[in-house]
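There are 2 protein chains.
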Amino acid sequence: MSTFAQKLEKYATLAVRVGANVQQGQTVVVTAPVAAAELVRLVAVKAYEAGAKNVMVEWNDEELTRIKYKMAPMEAFHEFPMWKAQGLQELAENDAAFIQFYGPNPDLLKDVDPERVSTANKTSSIALKGYRSQLMAHRASWTLMAYATPEWASKIFPDFSPEAALDALWERIFEATRVNADDPVEAWKEHNARLARTVSYLNDKRYKQLVYEASGTSLTVDLPEKHLWLGGAKENAKDAPFNPNLPTEEVFTMPRHDGVNGVVRSTKPLNYGGQLIEGFCLTFKDGKVVDFSADKGYEMLKRLLDTDEGARKLGEVALVPHESPISNTNLIFYNTLFDENASSHFALGQAYPVNLDGGTEMKEEEFSRHGANSSLVHVDFMIGSADMNIDGITQDGVREPVFRSGNWALPV
Amino acid sequence: MSTFAQKLEKYATLAVRVGANVQQGQTVVVTAPVAAAELVRLVAVKAYEAGAKNVMVEWNDEELTRIKYKMAPMEAFHEFPMWKAQGLQELAENDAAFIQFYGPNPDLLKDVDPERVSTANKTSSIALKGYRSQLMAHRASWTLMAYATPEWASKIFPDFSPEAALDALWERIFEATRVNADDPVEAWKEHNARLARTVSYLNDKRYKQLVYEASGTSLTVDLPEKHLWLGGAKENAKDAPFNPNLPTEEVFTMPRHDGVNGVVRSTKPLNYGGQLIEGFCLTFKDGKVVDFSADKGYEMLKRLLDTDEGARKLGEVALVPHESPISNTNLIFYNTLFDENASSHFALGQAYPVNLDGGTEMKEEEFSRHGANSSLVHVDFMIGSADMNIDGITQDGVREPVFRSGNWALPV
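Going line by line, the protein sequences match chains A and B.
First residue of the first sequence? That's 0 in numbering that gives the first Met the number 0, and the numbers climb one at a time after it.
First residue of the second sequence? That's 0 in numbering that gives the first Met the number 0, and the numbers climb one at a time after it.
Hints may be right or wrong, so weigh each one.
One copy or any two copies: either way a pair holds, since identical chains are not told apart in the list.
[As the list claims (entries may be wrong)] The calculated lysine-lysine pairs, modelled on DSSO-like cross-linking and capped at a C-alpha distance of 27 Å, are:
| no. | residue 1 | residue 2 |
| --- | --- | --- |
| 1 | 52 | 121 |
| 2 | 204 | 284 |
| 3 | 83 | 67 |
| 4 | 128 | 301 |
| 5 | 67 | 237 |
Think of the hints as simulated: they come from the structure by calculation, not from any bench.
Bound conformation, chain A alone (with noise of 0.2 Å):
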């Protein structure tokens, strides 16, 4: 059995050879908590051994975070610097490789006004959007993994002693990321073979609709007609693979953001901003959120879809088998990367370029006018269960069962 030290020595070297898959002369960017320091200290090792030039880090800090939100004068979440906005994209723009670790404390902002982190947000998703784009679209490689921190951990296991919680955390992210895997990276050669079959297969597919039905949702999402699926490995610019998120269960496309109808109701919280928005209800029309409830969090959840028109608007449509490894720990995360991999999910917000055919080529007017919705944010939400049926319309308008009872009912 490895010990914890060898363990998050794979781990940096999944974030370095699948995450970001790290070519010869890239620079580096790791995103990171500062507590994280032994972990990026690893990747930096394994990122120069794969030949990066450079290895930079943008280093965070909850704690500061929190702290300003709680003293700082409103003026201050209406700034961003943008030379550092900038400096992002242009590094974005020049093949850098980025690797961003997080573990949130989900209750971290819980006692912070709402107005100042949705204007922080706002004011960041405008200051950060043509680096966003970039990453969007595939451009530049990414991936985005969990460090596991003693308030995330404390959250999951409230019952268990903080080292055990955190303990028992680490060991959940080292099985849902293959870590665990005699050859963790041929592991996830695998597994990204496995998600290309689906692909593939929902691709040759081209569903104009799909329908889903279970307790507390009956919704139909029309897709476009160019719509693409994605899942697993993707490609950048220079066409070198690479996996934006560790761990990754889902297959996604994007729908049409004027054709969603019908109710869906979330089964997981959702932890946005620093805060938890639980057991919420969307109606949508003809595209658009036209009402809302929520059991906790209904103040952010309204500042999220005031946030632009697009807010309002699905900008993602993703599968995830309700029998999947992290689904079937049982466990809620209070976090996206885990949450959203344990459950079929939707994303409110912008669409990404790469599900549309053409699409990294369109302008915002063309990728709009084929059906592709555009915000400043693009936030999951999990909406999967163990009753939930999905039936896909065919072109010539057969339907066909693509989930039951939460799982693929594909002939793949």
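Since the structure of chain A is provided, determine the placement of chain B on it from the hints.
For chain B alone, kept in the frame of chain A given last:
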């Protein structure tokens, strides 16, 4: 007696109230090692309490620096993220306050090729020239303070356990920065007033030359006609006082770049580029180093002197009594912030524009014509000792004692 936590909070207060002296509405930029997160959070709280608009942190990590020097390709050391350099310069031009904590491991880079270190230092000096010139001209408020790390502490106290060494170093830092005073902020007011009296005396005297005599040292240093002595608190472009160094015991001015003659011997190790240069002698003729030797670190010294033409000339002359709080610890700190405040010293390289009457308004050519040195570097080295005598030669040729047996001999 205060606990460590109480002292650390007072230290944070000093950084904000005395060091940078944060004003209402200012952006505060903190530079710190990731290990200093606890202190940085305290500083953020104190800064917001003082009215700061925003606190930004530029984190660093020595171990990542070491990994880069060991593993990155040579071309990495010729590159600098210009967006960051420009961002820092913009912040300095727009009245940000800068608080830097540092506590380098003196032996960090001892196994690293000096070529890499000097290349990286030169690259960053060129990139950061605009930013640093703002700080050197005192347009923005800034302060440099120590942060104790286990590696640094064990270098000073090699016979102590790691924990005892760290405790002992923190206690020396607290003592030297007057954290242990009943009212540290008030204690700094008094100390600044004392330094101001000495500065005032020397500025009235307007010596044309200083004559240094000690074991291994026999040197004359001409001072520019318009030289200004400074010490303790300075004033930024908006006339707000700040203390660039905590601790500080020195009063200092600039020499004529063409008026240094004789030999000077270093009396403490110099930590430059992560390596130690020890027991070195410099021979000057008409301002320029024409010969040099070193018991240890000769190669690094050579690279420092070869940075550019100005690196072979002096840019600062500083007087510190041998009987001073830091000197009396009888410790070698292997850290310029402490060792320079325990010992009279010089700096090789760039002169401070503030040490010349009207200097901050001068272009480089005029600055030079008045006798000031320019260089990419500014590196202090210690030359004070218990047997050092210094005389001042007045404009009309009278020779007066300034230091006797290492201590002040002025009638103030």
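Practice prompt. Any hints from earlier that this structure breaks? Give me their numbers in increasing order, please.
Written response: none
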